[in-house]
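**Student:** Residues per chain, in single letters:
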Amino acid sequence: MTPFTELLGIAVPLLRPNVDTDAIIPSREIKGVGKAGLAQGLFAGWRYARVGDRTPDPDFVLNDPAYAGASILLSGENFGCGSSREHAVWALAEYGFRAIIAVSFSPIFENNCLRNGVLAASVNGAFIDHLAACVAVDPQAARIKIDLQAQVVRAPDGREARFPITPEAKMMLTQGLDAIAVTLASIDEITAFRTRDRALHPWVYAGGPAS
Amino acid sequence: MTAASGVGPTSLFDKLWASHVIKPLQGGDVLLNIDRIWLHERTGAVALKSLMAAGRSVLAPQQVFVTMDHIVDTFPGRGDATLMPTGSAFILATREAALAAGITLFDLNDPRQGITHVISPELGVVIPGVTLICPDSHTCTQGAFGALAWGVGSTEAEHALATGALRVAKPASMRITVDGRLGPGVTAKDLALHILGELSAAGGAGAMIEYAGEAISALPMEARMTLCNMATELAAFSAVIAPDAVAVDYLRGRPFAPKGDDMERAEAYWRTLRSDDDAGFDRQAQFDAARVAPTVTWGTSPQHASPIDGRVPAFEQLTHKDTRESYDRALAYMGVEPGARLADLRIDAAFIGSCTNSRIDDLRRTAALLRGRKVADGVRAICVPGSSAVKRQAEAEGLDVVFQEAGFEWREAGCSMCFFAGGESFGPGQRVVTSTNRNFESRQGPRTRSHLASPETVAASAIAGRLADPRTIGAAQ
Numbered sequence: 001m002t003p004f005t006e007l008l009g010i011a012v013p014l015l016r017p018n019v020d021t022d023a024i025i026p027s028r029e030i031k032g033v034g035k036a037g038l039a040q041g042l043f044a045g046w047r048y049a050r051v052g053d054r055t056p057d058p059d060f061v062l063n064d065p066a067y068a069g070a071s072i073l074l075s076g077e078n079f080g081c082g083s084s085r086e087h088a089v090w091a092l093a094e095y096g097f098r099a100i101i102a103v104s105f106s107p108i109f110e111n112n113c114l115r116n117g118v119l120a121a122s123v124n125g126a127f128i129d130h131l132a133a134c135v136a137v138d139p140q141a142a143r144i145k146i147d148l149q150a151q152v153v154r155a156p157d158g159r160e161a162r163f164p165i166t167p168e169a170k171m172m173l174t175q176g177l178d179a180i181a182v183t184l185a186s187i188d189e190i191t192a193f194r195t196r197d198r199a200l201h202p203w204v205y206a207g208g209p210a211s
Numbered sequence: 212m213t214a215a216s217g218v219g220p221t222s223l224f225d226k227l228w229a230s231h232v233i234k235p236l237q238g239g240d241v242l243l244n245i246d247r248i249w250l251h252e253r254t255g256a257v258a259l260k261s262l263m264a265a266g267r268s269v270l271a272p273q274q275v276f277v278t279m280d281h282i283v284d285t286f287p288g289r290g291d292a293t294l295m296p297t298g299s300a301f302i303l304a305t306r307e308a309a310l311a312a313g314i315t316l317f318d319l320n321d322p323r324q325g326i327t328h329v330i331s332p333e334l335g336v337v338i339p340g341v342t343l344i345c346p347d348s349h350t351c352t353q354g355a356f357g358a359l360a361w362g363v364g365s366t367e368a369e370h371a372l373a374t375g376a377l378r379v380a381k382p383a384s385m386r387i388t389v390d391g392r393l394g395p396g397v398t399a400k401d402l403a404l405h406i407l408g409e410l411s412a413a414g415g416a417g418a419m420i421e422y423a424g425e426a427i428s429a430l431p432m433e434a435r436m437t438l439c440n441m442a443t444e445l446a447a448f449s450a451v452i453a454p455d456a457v458a459v460d461y462l463r464g465r466p467f468a469p470k471g472d473d474m475e476r477a478e479a480y481w482r483t484l485r486s487d488d489d490a491g492f493d494r495q496a497q498f499d500a501a502r503v504a505p506t507v508t509w510g511t512s513p514q515h516a517s518p519i520d521g522r523v524p525a526f527e528q529l530t531h532k533d534t535r536e537s538y539d540r541a542l543a544y545m546g547v548e549p550g551a552r553l554a555d556l557r558i559d560a561a562f563i564g565s566c567t568n569s570r571i572d573d574l575r576r577t578a579a580l581l582r583g584r585k586v587a588d589g590v591r592a593i594c595v596p597g598s599s600a601v602k603r604q605a606e607a608e609g610l611d612v613v614f615q616e617a618g619f620e621w622r623e624a625g626c627s628m629c630f631f632a633g634g635e636s637f638g639p640g641q642r643v644v645t646s647t648n649r650n651f652e653s654r655q656g657p658r659t660r661s662h663l664a665s666p667e668t669v670a671a672s673a674i675a676g677r678l679a680d681p682r683t684i685g686a687a688q
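Going line by line, the protein sequences match chains A and B.
Counting from 1, one number per residue, gives the positions in the first sequence under the working numbering.
Counting from 212, one number per residue, gives the positions in the second sequence under the working numbering.
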């Protein structure tokens, strides 16, 4: 996974609360058993004028050439709510987003971001409005800077806001770690725990209608 | 800050958490043991395929279960082919990967097949005190049994398959106490929608909710599952209800539930799974069940909920936080005006199904309203039992005849039209009253308008041809 340390990027505002994962990637756009080929379906219901056709809807912000090349998405409260589909993060990442800055995130979506090297940074709504206002003047030039080590988002005018992240999540992102590989290094501790736990709660491990 | 130090009174959640900590990680996160993993063909196949592509194997195949629910058709006589253009690829990949991994598969024609969160309790796979994950947001449903059950992404599912564990940050704790009793014709679904309307779709943000109080204890298991099911709609980590005799009685004798001496030992342990009287919670909320009416949604978020005998609220009347733009957008999408009487809204379709409301108890209550009545002209009505077992039980009781004589289609088990995956849908502009969980834009089909409601309200509305209060019709003779 690509490590995430710092990002200086073009940001695009989608300032709505409760942007759900059905909106981020409609189920009908998930056509294959895999993680790739999803960028075309990103925000399909809003981005295209009609279902089943790829004519861009000029009113949707991702279709505004001023924001071309955006790597940061700005949004409101409870971003990524709804379905757990990780395809939402895969689609955002494949499209080119490396960070989402929102007021808050659905917990499953936030974790899916972490496992795919995408930063989900929560800052207050007033600061997000400020970021959007700064960016609107000249989106290609007025870039937003994110410093993960310092946990800071910096607006084009220099104003800053801190975002929370657990030390564990920060380590995973900054080092671009594969969590499964990291955990497998503790497999002996896991199996030892399970041996002890099986003695305490044998019925949990009995398993199967035949037993 | 969570009152979980292990000293002093602890909550049910603290007990579930502490009993599964393999070791602490940095900054308070932990490595948590995972006892049960559920997969389905939509998000599970990719987890299994990815695991195998990395050359890894399933640590404990006997603890992993997979079903076909999301993409399978629900027409009678269905097979691997689907109306969804590429659907069979998901079914075939899931079957192949499940067989290769040696995990328990409830395949398309297996009599145990059905929606994950319906069959897991039916089979006794979920039991109190276990950790259970599934790449599906409605996994919180299973917290109704006192399990620590939560929805994850596919990568987390792959992680748990490979390691038997997950790296987790401890969520905040929240207790929602519901005092009193729900009135006649008012259900757990109405309570869930009422809570959403009051607290907002971010009202449980990131928290582990414990539902408690007299009204919760009085609910049968099916209703507790309905309530916990919609915790994800509150943006919660999950929800849990302390296991009691109702939960134990439900599970006793289920195929995968403990048996004999194991069951006796398990029951003794399960009795300890409750919050201590003085346990602390990071957040608290309290509701009076008697004040809950049959509730429906009028917008495009589950928080856009109001009593069925009320009106579409003006922006200034909203009980939850929202933005003006989001509110206006929701009304325009739904084709409703502020101040409009909800009971005047004509409907085009009625749907009963989904992991929220498709269990035998839901179908019995609904059939009691439908018996001897007819769906209004022009209304398309569909009932999709949550599992093949629910379907068989309903048929044994003659409920299928009641539904069909009333004008409902009677289907095979699956998630069906809870969401549109490219196959069946209700069509643009169609107004649907639905027992499902999400009224997002285009959730049930491009430009379809969804009104979430209890199965009783769906039935009453189907008969009336408009949104209708089930208390006004009562059970037929």
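Everything labelled a hint here was simulated from the structure, so no lab data went into it.
Just so it is clear, CB atoms sit at the ideal spot from N, CA and C, and this is done for glycine as well.
Check the hints yourself; a few may be wrong.
Unchecked claim - So, partial list: chain B residues that the calculated Cβ filter (under 7 Å) puts toward chain A:
| id | residue |
| --- | --- |
| 1 | I233 |
| 2 | N320 |
| 3 | D321 |
| 4 | P322 |
| 5 | A376 |
| 6 | G471 |
| 7 | E527 |
| 8 | Q528 |
| 9 | S537 |
| 10 | A632 |
| 11 | S653 |
**Student:** Quick check on the hint: P322 of chain B CB to chain A CB, less than 7 Å?
**Tutor:** Because about 12 Å separates P322 of chain B from the closest Cβ in chain A, which is outside the 7 Å limit, the hint is violated.
**Student:** Minimum Cβ distance from A632 of chain B to chain A below 7 Å?
**Tutor:** Since the shortest Cβ distance to chain A is 4 Å, the answer is holds.
**Student:** How about I233 of chain B: closest beta carbon in chain A under 7 Å, or not?
**Tutor:** This hint holds: I233 of chain B lies near chain A, its Cβ roughly 4 Å from the closest one there, short of 7 Å.
**Student:** Classify the hint on Q528 of chain B as holds or violated, based on whether any CB of chain A lies nearer than 7 Å to its CB.
**Tutor:** 18 Å, violated
**Student:** For the hint on N320 of chain B, does the least C-beta distance to chain A fall short of 7 Å?
**Tutor:** At 18 Å from the nearest chain A Cβ, N320 of chain B fails the 7 Å test, so the hint is violated.
**Student:** Does the closest beta carbon of chain A sit nearer than 7 Å to the beta carbon of A376 of chain B?
**Tutor:** 5 Å, holds
**Student:** Return the status of the interface hint for S537 of chain B: holds when the least beta-carbon distance to chain A is below 7 Å, violated otherwise.
**Tutor:** 5 Å, holds
**Student:** Double-check D321 of chain B for me: the hint is only fine if its C-beta lies closer than 7 Å to a C-beta in chain A.
**Tutor:** 13 Å, violated
**Student:** Under 7 Å, Cβ to Cβ, is where S653 of chain B needs to be relative to chain A, so tell me if that hint holds or is violated.
**Tutor:** 5 Å, holds
**Student:** Should the interface hint for E527 of chain B be scored as holding, given a Cβ-Cβ cut-off of 7 Å against chain A?
**Tutor:** E527 of chain B check fails; min Cβ-Cβ to chain A is 17 Å, beyond 7 Å.
**Student:** Hint G471 of chain B vs chain A: min CB-CB distance below 7 Å?
**Tutor:** 10 Å, violated
In summary, the structure is inconsistent with hints 2, 3, 4, 6, 7, 8 from the numbered list given earlier, while agreeing with the others.
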